[in-house]
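Whenever a hint applies, use it, and build me the whole structure from the sequences.
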Amino acid sequence: MAQYLILIYENEDAYVDASPEVLQTVMEAHTRFAGQVGEQGGKLLGGNALQPTATATSIRDDVVTDGPFAETKEALGGYYLIDAPDLDHALAIGKLCPAQYGGVEVRPVWDTSGG
Amino acid sequence: MLAATARVTRDLDLAEECVQDAYVAALGAWSRGGIPRNPGAWLTTTARRRALDALRRDRTLRAKLPLLIDPGPPPAGDGPAWPGGTGPDGGSGAGWAAEGDVIPDDRLRLVFTCCHPALAREAQVALTLRLVCGLTTGEIARAFLVSEPTMAARVTRAKKKISAARIAYRVPAAAELPERLDAVLTVVHLLYTTGHTAPAGNDLVRADLVDRAIGLARMIRELMPDEREARGLLALLLLTDARRDTRADAGGRLLLLADQDRSRWDRGAIDEGTALVAGALRGGSPGRFALQAAIAALHAEAPSYSETDWPQLLQLYGELLRAWPSPVVALNRAVVRAMVDGPEPALAEIAGLERDGRLAGYRYLPAAKADLLRRLGRNAEAARAYQAALELTDNAAEREFLSRRITEVSAG
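Sequence order for the protein chains is A and B. The first sequence maps to residues 1 to 115 in the working numbering. The second sequence maps to residues 116 to 527 in the working numbering.
Hints are computed from structural coordinates only; laboratory data are not their basis. Among the hints, erroneous ones may be present.
[To be verified] Just the calculated beta-carbon pair ranges, DEER-fashion:
id : chain 1 : residue 1 : chain 2 : residue 2 : range
1  : B       : 293       : A       : 105       : 36 to 42 angstroms
2  : A       : 62        : B       : 340       : 25 to 31 angstroms
3  : B       : 470       : A       : 62        : 26 to 32 angstroms
Just so you know, even glycine gets a beta-carbon here, dropped at the ideal spot from N, CA and C.
In structure tokens form, the structure reads like this:
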């Protein structure tokens with residue numbers, strides 16, 4: 001098993017304008033996703049939703065500035081850390097990850113345990 | 116008072132409401148029982164109670180923002196006490212030390228929160244005016260020439276970030292203090308320079324902004340008496356502002372330092388500023404505000420423009436450039452160098468700054484260059500440089516001055 005990070009990139013404005021019903025649907029989709037990871041032979045190790053990029057602070061060369069590292073239309077809004085046997089499994093899980101206003105990026109975690 | 120209340124609620128909007136509530140309550144209570152010995156403390160106590168009440172009522176709010184209340188007991192007793200200071204410890208939210216909890220510390224905490232580097236500079240300035248100075252959003256919008264909804268959105272967004280990202284409401288610990296204090300002083304200085312020469316409009320000086328900035332500098336200096344740069348900033352602002360009334364003639368036309376009536380400079384402000392400079396320069400290498408104040412003091416003490424100690428000024432600018440390697444400082448040093456070594460070497464330095472490119476769009480670069488060219492009798496080049504400066508300013512007094520110069524060199 002190897003670890004993968006699923007990064008969820010979505011258009012933040014879509015959530016600002018979303019109705020309570022839509023938000024409810026999204027919440028349910030994420031709850032469902034948590035169950036599906038195991039069905040796909042993976043394991044959910046953790047994950048979180050992030051506050052909007054308006055709350056972000058960036059640091060370059062010790063200089064602290066207001067805002068995200070890069071201004072993009074679709075911003076990192078949350079992540080899951082999963083265990084999966086290989087990339088194909090991780091991608092299958094990534095496809096199930098809710099991200100209706102954007103998409104996800106699947107990145108293998110660098111194993112530094114030396115094993 | 117807002118500061119003290121914000122400490123309890125950790126929510127600036129709620130704090131503002133509670134402070135409003137306290138004023139309303141005060142009007143009722145004071146008309147019945149007379150004004151208490153210390154109205155400020157009374158108001159703070161009342162606002163805090165209301166904040167705590169509001170928080171107790173609103174459990175959802177508490178669930179949403181788990182850090183709303185500092186750990187610690189609610190206030191006990193109701194004497195309008197005004198205790199002496201517990202020092203700013205920068206500790207980990209140790210709660211309030213005692214009833215009344217040292218108002219000056221709270222104001223300092225509020226300043227550091229408003230000027231936190233994780234907030235954009237324009238948001239720092241707006242928040243400081245809104246929350247520390249108590250200006251309305253409309254007043255701030257007018258001062259910075261943006262629409263009121265734009266300014267309201269800027270302030271709201273900044274408040275949200277403070278809450279969501281959990282920007283600490285405290286005076287920074289010693290290790291980070293120099294950098295954080297520099298950010299605070301920079302905001303106050305920016306406020307002053309915006310008022311000193313308004314970026315647009317008919318008035319050269321925006322007195323309201325200038326007075327706010329000096330008030331803030333004075334407050335910070337009183338709250339942090341050991342910080343030499345806080346002392347330096349207050350000195351700089353006082354010494355610069357001492358010349359306020361002489362910077363334009365009766366018709367509102369801009370007068371340069373050489374042409375100002377020195378007998379009308381504010382002696383009281385100069386004496387206070389000069390005394391502060393001495394302390395700001397003492398002990399270790401001085402910071403940029405102390406050095407700028409020293410420069411302003413040398414100008415203030417000179418009996419006339421021609422009797423100014425230019426070599427000493429040149430040396431101070433050299434030190435300032437080392438402490439603060441900014442192209443603006445380099446430009447100023449070049450102007451002073453012209454007084455010591457003549458216009459040619461100064462023009463060479465300015466040419467270097469033009470190639471550097473960081474001052475592109477900075478109106479004082481072509482203006483300084485034009486002045487040196489004019490002194491050399493290179494009138495055609497001077498006219499072109501004055502024209503370049505003219506195109507970069509929207510201030511009516513500055514535009515009038517530059518137009519006048521263009522006419523002079525074109526006729527000569």
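Violated hints, by number in ascending order, as checked against the structure: Nothing - there is no hint that the structure violates, so all of them hold.
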